[in-house]
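Enquirer: Top to bottom, those sequences are chains B and E. Offset between the first sequence (1-based) and my numbering: plus 6. Offset between the second sequence (1-based) and my numbering: plus 5.
Do not take every clue at face value.
As the list claims (entries may be wrong) - In silico DSSO-like cross-links for lysine-lysine, where the CA-CA straight-line distance does not exceed 30 Å:
#1 E:K64 <-> B:K47
#2 B:K20 <-> B:K47
#3 E:K63 <-> E:K47
#4 B:K61 <-> B:K26
#5 B:K20 <-> E:K64
#6 E:K63 <-> E:K112
#7 E:K83 <-> B:K20
#8 B:K26 <-> E:K112
#9 E:K62 <-> B:K26
#10 E:K112 <-> B:K47
#11 E:K62 <-> E:K47
#12 B:K70 <-> E:K47
#13 E:K74 <-> E:K63
#14 E:K47 <-> B:K72
#15 B:K61 <-> B:K72
#16 B:K47 <-> B:K70
#17 E:K64 <-> E:K112
#18 E:K64 <-> E:K74
#19 B:K20 <-> B:K72
#20 B:K26 <-> E:K47
#21 E:K47 <-> B:K61
#22 E:K74 <-> E:K47
#23 B:K72 <-> B:K26
#24 B:K70 <-> B:K26
#25 B:K72 <-> B:K47
#26 E:K62 <-> E:K74
#27 E:K63 <-> E:K83
To be verified - Residues from chain E that keep clear of chain B, each with C-beta distances beyond 12 Å, as calculated:
#28 F35
#29 S48
#30 A98
#31 R108
Think of the hints as simulated: they come from the structure by calculation, not from any bench. Even for Gly, the Cβ is constructed at its ideal location relative to N, Cα and C.
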Amino acid sequence: GAVVSQHPSRVICKSGTSVKIECRSLDFQATTMFWYRQFPKQSLMLMATSNEGSKATYEQGVEKDKFLINHASLTLSTLTVTSAHPEDSSFYICSASGYRGGGNEQFFGPGTRLTVL
Amino acid sequence: ILNVEQSPQSLHVQEGDSTNFTCSFPSSNFYALHWYRWETAKSPEALFVMTLNGDEKKKGRISATLNTKEGYSYLYIKGSQPEDSATYLCALAHDMRFGAGTRLTVKP
């Protein structure tokens, strides 16, 4: 079964609104979570890495004030797209890293499709 | 090599052909390499985690090798099937930045 969930799976919003995406590890403690974005016809681009209880580390070119990441607990990280615009429309996916079943593993959420009108 | 690089960018093969592609990475401070099979707008499917130099792992018709000294990993698919069509991604475990991927298309 799924070990990382993402919510919502799909969201449509108006330009200027903020959207929060949740990423939860279901049966393990995720010490590190990664947020990715897929641009059309491109690979998954890493946006930021977050460790529980500390500030996220953003990749070059990713606006930290635009994409707010919070990793307040070992099972939850959130990505908030603030004042969303149509160019923010994309597929966002998280992955969680932690010890599960005796080994350090990496699991992906199912992704969130954001459409900004 | 500063980042993970994958080649070729795309590959078209006939059903039944065997194929392989490359993931190159900085060989210093290596920890582990992940291979994923990915279809657009879906969650990547983990294939292998490669850790030791000389590692060779197999999952059905797919296998992978690792050379940490020279900084590359090969992914092989034997007897390609249309359902193998996808993008194959690799990433170093310590930063999880993906390469651009190899987009494989298997024609029936």
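Enquirer: Would you mind marking each hint as holding or not holding in the structure?
Expert: Structure-based check of all given hints:
1. Distance check on the hinted pair: K64 (chain E) and K47 (chain B) sit about 27 Å apart at the alpha-carbon level, within 30 Å; holds.
2. Of the supplied pair hints, the one linking K20 (chain B) and K47 (chain B) holds, its CA atoms being roughly 24 Å apart against a limit of 30 Å.
3. A C-alpha spacing of about 23 Å is found between K63 (chain E) and K47 (chain E), which places the hinted pair at or below 30 Å, so the restraint holds.
4. Only pairs whose Cα atoms come within 30 Å are accepted, and K61 (chain B) paired with K26 (chain B) is accepted, the gap being roughly 17 Å.
5. Annotation: proposed proximity of K20 (chain B) to K64 (chain E) is violated, straight-line Cα distance about 45 Å (limit 30 Å).
6. Taken as a hint, the K63 (chain E) and K112 (chain E) pair is honoured in the structure, with Cα atoms around 23 Å apart against an allowance of 30 Å.
7. Distance check on the hinted pair: K83 (chain E) and K20 (chain B) sit about 47 Å apart at the alpha-carbon level, beyond 30 Å; violated.
8. For the given pair, K26 (chain B) sits about 40 Å from K112 (chain E) by alpha-carbon distance, which is inconsistent with the 30 Å threshold.
9. With a CA separation close to 39 Å, the supplied pair K62 (chain E) and K26 (chain B) exceeds the 30 Å bound.
10. For the given pair, K112 (chain E) sits about 20 Å from K47 (chain B) by alpha-carbon distance, which is consistent with the 30 Å threshold.
11. Between K62 (chain E) and K47 (chain E), the direct Cα distance comes to roughly 24 Å. Compliance with the 30 Å bound is thereby established for this hinted pair.
12. The hinted pair formed by K70 (chain B) and K47 (chain E) meets the criterion: a straight-line CA distance of about 25 Å does not exceed 30 Å.
13. Our distance criterion of 30 Å between C-alpha atoms is met by K74 (chain E) and K63 (chain E), whose separation comes to about 21 Å.
14. Restraint check for K47 (chain E) and K72 (chain B): the C-alpha separation of about 24 Å stays at or below 30 Å, so the hint holds.
15. The straight-line distance between the Cα atoms of K61 (chain B) and K72 (chain B) is roughly 15 Å, inside the 30 Å bound, and the hint therefore holds.
16. About 24 Å separates the Cα atoms of K47 (chain B) and K70 (chain B), which keeps this hinted pair within 30 Å; it holds.
17. Distance restraint check for K64 (chain E) and K112 (chain E): the Cα-Cα separation of roughly 22 Å lies within the 30 Å cut-off, and the hinted pair is therefore satisfied.
18. Of the pairs offered as hints, the one joining K64 (chain E) and K74 (chain E) holds, with about 24 Å between alpha carbons and a cut-off of 30 Å not exceeded.
19. Distance check on the hinted pair: K20 (chain B) and K72 (chain B) sit about 16 Å apart at the alpha-carbon level, within 30 Å; holds.
20. About 19 Å separates the Cα atoms of K26 (chain B) and K47 (chain E), which keeps this hinted pair within 30 Å; it holds.
21. This hinted pair checks out: K47 (chain E) and K61 (chain B) have alpha carbons roughly 28 Å apart, not beyond 30 Å.
22. Among the hinted pairs, K74 (chain E) with K47 (chain E) is inconsistent with the structure: their alpha-carbon atoms are about 33 Å apart, more than 30 Å.
23. The hinted pair formed by K72 (chain B) and K26 (chain B) meets the criterion: a straight-line CA distance of about 12 Å does not exceed 30 Å.
24. For the given pair, K70 (chain B) sits about 14 Å from K26 (chain B) by alpha-carbon distance, which is consistent with the 30 Å threshold.
25. With a C-alpha separation of about 23 Å, the suggested pair K72 (chain B) and K47 (chain B) falls inside the 30 Å cut-off, and the hint holds.
26. The straight-line distance between the Cα atoms of K62 (chain E) and K74 (chain E) is roughly 18 Å, inside the 30 Å bound, and the hint therefore holds.
27. Our distance criterion of 30 Å between C-alpha atoms is met by K63 (chain E) and K83 (chain E), whose separation comes to about 11 Å.
28. Chain B leaves F35 (chain E) outside its interface by the beta-carbon criterion, the shortest separation being 15 Å against a cut-off of 12 Å.
29. Its closest Cβ contact with chain B, about 4 Å, brings S48 (chain E) to no more than 12 Å, contrary to its assignment away from the interface.
30. With a minimum CB-CB distance of about 7 Å to chain B, A98 (chain E) fails to clear the 12 Å threshold, and the non-interface call is violated.
31. Not every C-beta of chain B lies more than 12 Å from that of R108 (chain E), the closest at about 9 Å, which undercuts listing it as non-interface.
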